[in-house]
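> On the provided structure of chain A, position chain B as indicated by the hints.
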Amino acid sequence: AQKVTQAQTEISVVEKEDVTLDCVYETRDTTYYLFWYKQPPSGELVFLIRRNSFDEQNEISGRYSWNFQKSTSSFNFTITASQVVDSAVYFCALSDSNQGGKLIFGQGTELSVKP
Amino acid sequence: GAVVSQHPSWVICKSGTSVKIECRSLDFQATTMFWYRQFPKQSLMLMATSNEGSKATYEQGVEKDKFLINHASLTLSTLTVTSAHPEDSSFYICSARDVQGSLYEQYFGPGTRLTVT
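Protein sequence lines correspond, in order, to chains A and B. If you want the working numbering, it's the position in the first sequence, counting the first as 1, plus 61. If you want the working numbering, it's the position in the second sequence, counting the first as 1, plus 1089.
This is chain A alone, in the form it adopts within the complex:
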């Protein structure tokens, strides 16, 4: 069965600290995609990244970076030098061919960045 686990329910950091949000997934499929979304208080989902199962290269986008490790079924997200505007709920999600493109979301991690 497909499953996404975000063990950290809430994280609180002080501005400028680095923070890593963990994501562990389960799937039997060899072809799948992993996603990260940000949900600010407004509720609208903001797409951050999509990564397919054949591309284990880590990615960096500004202060954001992602570490994909198939060996541990993890797709962790790091924010460097966090800012107050990073405060939001972050969701990791999985989609595989067995699901026909449907997204399975993790429970979400609420990040609070304090000034």
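A portion of the hints provided could be inaccurate.
Straight-line alpha carbon distances no greater than 20 Å define the calculated EDC-like cross-link-like pairs of lysine to aspartate or glutamate that follow [to be verified]:
no. : chain 1 : residue 1 : chain 2 : residue 2
1   : A       : Lys175    : A       : Asp90
2   : B       : Lys1130   : A       : Asp79
3   : B       : Lys1130   : A       : Asp147
4   : A       : Lys64     : B       : Glu1152
5   : A       : Lys99     : A       : Glu76
6   : B       : Lys1130   : A       : Glu76
These are computed hints drawn from the structure, not numbers from a lab.
What follows is chain B alone, placed relative to chain A:
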């Protein structure tokens, strides 16, 4: 590009009434749209997959007679919550898949906050 709108953005209705929520793809055609529900402090749960011109596919535990989905065109899907009750109060989010895009790519609408009193 790839903009999805939802209308209304929020709605308050009385218990027992029905509410219709629209999901539109503004600059692309979507043969498939998804409807999610999110309760406070919880994750998004897929309710149903809406396919243009055919019946929606509902996830286990979702009452198809209560949550009516119509996908009458390539740019519009509607979700009607019939005989709404306070427990239906939630944040409803739709997403759409571009007919020319990847199976794995969805564009999300801004959500509709439903409060049933």
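> Decide if the proposed pair is consistent with the structure: lysine 1130 of chain B and aspartate 147 of chain A, CA atoms, cutoff 20 Å inclusive.
Roughly 18 Å separates the two Cα atoms, so the pair holds.
> Can you confirm whether the C-alpha distance between lysine 1130 of chain B and aspartate 79 of chain A stays at or below 20 Å?
Given that 20 Å is the threshold and the Cα spacing comes to 24 Å, the pair is violated.
> Next pair to validate is lysine 64 of chain A with glutamate 1152 of chain B; report whether the Cα-Cα distance is within 20 Å.
Violated, because 23 Å separates the two Cα atoms, which is more than 20 Å.
> Against the 20 Å threshold, does the CA-CA distance of lysine 1130 of chain B and glutamate 76 of chain A hold or violate the hint?
23 Å, violated
> For a C-alpha distance cap of 20 Å, please report whether lysine 99 of chain A and glutamate 76 of chain A respect it.
18 Å, holds
> Does the alpha-carbon distance linking lysine 175 of chain A and aspartate 90 of chain A stay inside the 20 Å limit?
40 Å, violated
Of the hints listed earlier, those the structure fails to meet are numbers 1, 2, 4, 6, in rising order.
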